[in-house]
Amino acid sequence: MPFGEIEARYDELERQMLDAYYQHLGAHRGMKYLHWNMRDINYGFAAIDHRYQVLGGTPVLVDDAKKFDLSRILIDIYGVAYIGHTRLEKLIEKNEIQPHDMMTGGEEAQAFVDGNYVGLHQSTLRKVDVLANIAERTQNKHLLTNTTWWEMHGGSLRTALDWAADNKLIALVIAVVGLVLAIYTMA
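Note that numbering that gives the first Met the number 0 has the sequence shown beginning at 0, numbered continuously upward.
It is worth saying that the hints were derived from the structure and are not from the lab.
Heads up, a few of these hints could be off.
Simulated crosslink set (DSSO-like; lysine-lysine; CA at most 27 Å straight-line) [unchecked claim]:
#, residue 1, residue 2
1, Lys-167, Lys-126
2, Lys-66, Lys-140
3, Lys-167, Lys-31
4, Lys-31, Lys-66
5, Lys-66, Lys-126
6, Lys-66, Lys-89
7, Lys-167, Lys-65
8, Lys-167, Lys-93
9, Lys-89, Lys-140
10, Lys-126, Lys-89
11, Lys-93, Lys-126
12, Lys-65, Lys-126
13, Lys-140, Lys-93
14, Lys-89, Lys-31
15, Lys-140, Lys-126
Label-pair distances were calculated between CB atoms; the ranges are [claimed, not checked]:
#, residue 1, residue 2, range
16, Leu-168, Ala-45, 46 to 54 Å
17, Leu-168, Gly-25, 51 to 59 Å
18, Gly-25, Ala-46, 30 to 38 Å
Every residue gets a Cβ at the ideal spot worked out from N, C-alpha and C, and that includes glycine.
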């Protein structure tokens, strides 16, 4: 298709792309989907579903139990202060991941206005690669964050006491030490 025709046929082209997306979802119902903050109606699975309906399609819905938000998973693992904002960009910097061709949301919006569809496509592909890289580093326990070991494991005296109480050997040692100290102070 000539570049000049893209804007005039945008809805048709978007419908074709979304048809392919939903055909994939329908053919792979057992799949799990890793994403970054795609949780709300403005930006996420619901927004894609809504746009497809506007274009006349019937979306194949992905069960929420099959959607895994990597941004929230990282908060669950490392704590809310694991990296500064904007989190994805800061993780890329801290882990020295090369963000070739990756655009910010604002840059992508401008690329769309400018008709830079190739740049948008390259940015999307790069984001997929970056998320896979971050997920792999997380799985391998090699992701660099600002979280200390202490913070990641609860970071409080209460957590340490709970851990000691749950560990039978530690609880026994503490009980013996307490008994010895009690006998020593009575003597």
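Results of checking the hints against the structure:
Between Lys-167 and Lys-126, the direct Cα distance comes to roughly 46 Å. Violation of the 27 Å bound is thereby established for this hinted pair. About 22 Å separates the Cα atoms of Lys-66 and Lys-140, which keeps this hinted pair within 27 Å; it holds. This hinted pair does not check out: Lys-167 and Lys-31 have alpha carbons roughly 38 Å apart, beyond 27 Å. Distance check on the hinted pair: Lys-31 and Lys-66 sit about 6 Å apart at the alpha-carbon level, within 27 Å; holds.
Distance hint between Lys-66 and Lys-126 is fulfilled; the C-alpha atoms sit about 17 Å from each other, no more than 27 Å. Proximity of Lys-66 to Lys-89 is assessed by CA-CA distance (about 23 Å); at most 27 Å being required, the pair is judged to hold. Note on Lys-167 and Lys-65: the hinted pairing is violated, with a Cα-Cα distance of about 37 Å set against a maximum of 27 Å. Taking the CA atoms of Lys-167 and Lys-93, the gap is near 39 Å; set against the 27 Å cutoff, the hint is violated.
At most 27 Å may separate the alpha-carbon atoms for a hinted pair to count; Lys-89 and Lys-140 meet this at roughly 18 Å. Restraint check: the Cα-Cα separation between Lys-126 and Lys-89 comes to about 14 Å, which is no more than 27 Å; the hinted pair holds. At roughly 16 Å between alpha-carbon atoms, Lys-93 and Lys-126 fall within 27 Å of each other, so this suggested pair holds. A hinted pair counts as satisfied when its Cα atoms are at most 27 Å apart, and Lys-65 with Lys-126 qualifies at roughly 20 Å.
Our distance criterion of 27 Å between C-alpha atoms is met by Lys-140 and Lys-93, whose separation comes to about 15 Å. A hinted pair counts as satisfied when its Cα atoms are at most 27 Å apart, and Lys-89 with Lys-31 qualifies at roughly 26 Å. This hinted pair checks out: Lys-140 and Lys-126 have alpha carbons roughly 21 Å apart, not beyond 27 Å. Taking the beta carbon of each, Leu-168 and Ala-45 are about 50 Å apart, inside 46 to 54 Å as hinted.
The hint said 51 to 59 Å for the Cβ distance between Leu-168 and Gly-25, and at roughly 53 Å that hint holds. A hinted range of 30 to 38 Å is violated for the C-beta pair Gly-25 and Ala-46, which are about 19 Å apart.
Of the hints listed earlier, those the structure fails to meet are numbers 1, 3, 7, 8, 18, in rising order.
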